[in-house]
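Here is what each chain is made of, one letter per residue.
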Amino acid sequence: MTENRGPLTSIAVFGKGDALWPVATLLEKALPDRTALIVVEDDGPSMSPGAATLACDNPFFECIGFTAQDLVCHGNAMLGLGTDCQGWQGEDSSFFTAPSGTLPAINDIALHHIMLRAAKMQNGPERLAYLFQPFRFAARVALAGKFADRTDDPNSPLRMLGPTVQFDRAVFGMRLKKRFSKDRAQIFAGQAADVMMNPDDSIRAVTLGNGQGISADMFVDVSGAMSRLASSKESQRTHSLADILPFDRVARQYDKGREPVDHLHTVARAMPGGMVVETPLQGGIMSDLLFSSPVLDNDMPSSSFEAGYCENPWTGNLARLGDAAAQLGPYQSADMMLLLEQAQHLVRAIPATRSMDIEATEFNRNQLGSAQQICDFITLPFALNHRDETLWAGIRTAERPEQLQVRLDQFRSRGRFVEFDHALFEQQSWIELLIGFRITPERYDPSTEYLDMRRLAPVLKKMVDGFTQAIEVMHDHADYIAALRASR
Amino acid sequence: MTAAALTHRFGGTGASITLIESAEIGIVGVGEATLPQIRYFNQSLGIDEREMMARTSATIKLGIEFCDWGKTGDRYTHPFGAYGETIGPADFHHYWARQNALGDAHAFGDYCYPIVAAQNDRFALPEDDPQSSLNAFSYAFQFDASLYGVFLADFARRRGVQRIEGKVVSVQTDGETGFVSGVALESAQEIAGELFIDCSGFRGLLIEQELETGYEDWSKYLPCNRAYAVPCAITDTVGPYTRATARKGGWQWRIPLQHRIGNGHVYCDRYISDQKAVDQLMTTLEGEPLADPKQLFFKTGKRRKLWNRNVVAIGLSGGFLEPLESTSIDLIQSGITNLLALFPERRCAAADRDEYNRLMDLEFERVRDFLMLHYVATQRDDAALWRDMRAMEWPDSLRYKIDAFRRRGIVPEYTHGLFLPPSWLSVFIGQNIVPGAYDPRVDLMSEEELTANLERIRFSIAEAVGQTSQHSDFIKNSGASFRGAGAS
Chain G
1 MTENRGPLTS IAVFGKGDAL WPVATLLEKA LPDRTALIVV EDDGPSMSPG
51 AATLACDNPF FECIGFTAQD LVCHGNAMLG LGTDCQGWQG EDSSFFTAPS
101 GTLPAINDIA LHHIMLRAAK MQNGPERLAY LFQPFRFAAR VALAGKFADR
151 TDDPNSPLRM LGPTVQFDRA VFGMRLKKRF SKDRAQIFAG QAADVMMNPD
201 DSIRAVTLGN GQGISADMFV DVSGAMSRLA SSKESQRTHS LADILPFDRV
251 ARQYDKGREP VDHLHTVARA MPGGMVVETP LQGGIMSDLL FSSPVLDNDM
301 PSSSFEAGYC ENPWTGNLAR LGDAAAQLGP YQSADMMLLL EQAQHLVRAI
351 PATRSMDIEA TEFNRNQLGS AQQICDFITL PFALNHRDET LWAGIRTAER
401 PEQLQVRLDQ FRSRGRFVEF DHALFEQQSW IELLIGFRIT PERYDPSTEY
451 LDMRRLAPVL KKMVDGFTQA IEVMHDHADY IAALRASR
Chain Z
1001 MTAAALTHRF GGTGASITLI ESAEIGIVGV GEATLPQIRY FNQSLGIDER
1051 EMMARTSATI KLGIEFCDWG KTGDRYTHPF GAYGETIGPA DFHHYWARQN
1101 ALGDAHAFGD YCYPIVAAQN DRFALPEDDP QSSLNAFSYA FQFDASLYGV
1151 FLADFARRRG VQRIEGKVVS VQTDGETGFV SGVALESAQE IAGELFIDCS
1201 GFRGLLIEQE LETGYEDWSK YLPCNRAYAV PCAITDTVGP YTRATARKGG
1251 WQWRIPLQHR IGNGHVYCDR YISDQKAVDQ LMTTLEGEPL ADPKQLFFKT
1301 GKRRKLWNRN VVAIGLSGGF LEPLESTSID LIQSGITNLL ALFPERRCAA
1351 ADRDEYNRLM DLEFERVRDF LMLHYVATQR DDAALWRDMR AMEWPDSLRY
1401 KIDAFRRRGI VPEYTHGLFL PPSWLSVFIG QNIVPGAYDP RVDLMSEEEL
1451 TANLERIRFS IAEAVGQTSQ HSDFIKNSGA SFRGAGAS
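Protein chains in written order, with our numbering: chain G, 1 to 488; chain Z, 1001 to 1488.
Worth flagging that the hints you see were computed from the coordinates, not collected in a lab.
Where hints are given, some of them may not hold.
Said to hold, decoys possible - For the chain G half of the interface with chain Z, some residues (derived, Cβ under 8 Å), not all of them: (1) A36; (2) A144; (3) A352; (4) I358; (5) E359; (6) E362; (7) R365; (8) L368; (9) S370; (10) E419; (11) H422; (12) L424; (13) R443.
Where a beta carbon is used, it is the ideal one built from N, C-alpha and C, also for glycine.
Given the sequences, and given the hints that come with them, work out the whole structure.
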């Protein structure tokens, strides 16, 4: 498909609501008039898509003209500051992971090096996590039950906050569907039943269950049902994460009216045989349970799960997104995060012509980078868990993604964080997570040795006091949400 | 540079830094053009830019003008700044590509402030206001590299570096670790150390002659292996840019300083004889030669490990990718920056060395691809060098970049790498690789709106350039006029 075969005249998107409409919405905004958009919504029965917790400044929201506040004021979404990881380092453990901007450095030396030196001076490098905790501003705000928006003021600690939005994926999908401009696209309901191929292995048309044929120059599958009919060898090149995420079932439920216990943030709780993500919404809690069926008995309706992602999800004229390309699970809303990344990579690589192999290559390169970044970040707490059960012990010793291993080795060796291309998470968030999950660097930056620790003490105290004062004057989390809703 | 940076970081800390230098060994000293990153280096050392300019005869550099590279008669500038501005969801060059396809004759460079300023011999410092045309650019310097060395030597001496004059005649290594433990000078003085930085030039006194690290020969990618260099008198205004003119067996540089012009002919001896090369250089000087031409020999490539045991090779001892695009000083700077970030303890942990080598390998490879682009993206058919370069086997990474741009205007982005998309765009378009197709999102804008947007950008750049001063006036008025080689 290297020759120019004329302009791209149509794209057909197949999928289920919560995954379909974000992709369809982005395409609808990006396609010029000459390219028709066909949307085929899978009308078959399906399990609830669950909830998601994403950064409020996820570029997807801006692309579609949404704000996180819109989702709170006109739906059942909730604002938060991250995820409380409970039980990962033992049954009663708790560690709040909060997206965070960079802490001020001292003489170009990151604070965790200085605190490591302080811990070593107290004969206890393992005290690093304890000594570092007061500097974890975003996490402290969350644990104090407070909330504030991020600010651009470089002198305010609020610039380090990374607010998140917790929302019901199904509700989000419905809102996008309602907003969707009907006159810019043809919309059908149905399920793919057959695929007709061209001699060059590209897809010519898809036949729906009701016999209707859907022809297009390009096909996008966000649920997997359609592309399974057209599977080729190349599309099977999957990076399996089954060793480090050895779960085979996922179940979801919504507990309407259930109140959160400690705070309003998302909780990711590790437990024997699996983990559950509980996402407080306005009016109830959405639970996403990921588990190993041989270990954990569960009577909730569940569907199969196999952790991994496809290296080349766009082959020929078929681009696979979402479940069609990857299953990463509910922790840190990895599935949703990757889907939105893929959707943005897709609109940046919309083919100019029906010859689309260069766009496919670029999309695949970018989606692979995003998938690796997300996988590194979400598998980190699994790899560093301290639970006793056989399943969790196995996870601890499982082979890790290559980039993650480099990151772990470098941090463990000298507290250095390694960045790779396609970075998605802030460096400070990584550092807090590494320290919080008990990686104590063997050494600190040797330049730290030249700092006068006695003179530093008041400087550090002033910083912590500044954080404490900023937290004291913040709104309570629930009050903030109530005031926000009342203001609209 | 290395001694200055180390003394700045570690001066007064108790760490002892010794500089061993021999006046008998000449320096290459022709790397006179820099990239904007040099400003960060100077700033990090607290160097006053104008003082440095006055001491080193520095002029401002807004980019590099390339003559005769795509075809004989072609001319374009690689600027230190961005093209255009954000006028829609696609990158600016896609909008230009559409207008270009419609027959609009305005050059891509007309949408770039530093290019227009350089063409008009104008300069003003960048502004912080993001709305200003003077915001989206940076600048570098063209200076006398020998004087810059003297300037930094003074800087280092003032901060306590111990300079020892002498030639190293032997090297001692530790029998157990293989680490270099000391060097002996011709004077019989012995100098012990824990970490050795080898800045001894191509011969690699420690990294190669002692440790036999090995060299990756990249002459199949970058075949030029010799150069003649000669300064000449200034006859006219010099312009705030370097010029690189393609010749039949290589290319010729012109680097204007305040008191002279540096010239050189880089060539491959397989394509042109030494005599013809020097004749070509001397007959194209624009002013009276101020010295005899000096011949230089080099082999493009890099050491297999830039950090081996306790020896770090910085500068020519680590590798050389030829003078095109002024990367030589920048690679020195990268070596220093990475060394400071990974500065070791006595035992030089393998994790630090491995990470340093990984980072530097990536840096060298990405610079290599960019340099190669100039040679392979040519339509010249008048000499064997250019025909061979066009027909040679390109690294996959470079082939993909060229293919992606040629077919759809895609510029693959990387987080790490010296040259960002505007640099790649300037060479692609400057050497006649115009995208066969552009991002379809460009067609969301009407033709009239696009024309108006492009006109507005051109006008605002031309207006901004008109309000700035002549380059020579800027130097004079800012107190940066050259004070003479003996001034301190």
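#### Entry: Which numbered hints fail
1, 2, 8, 9 and 12
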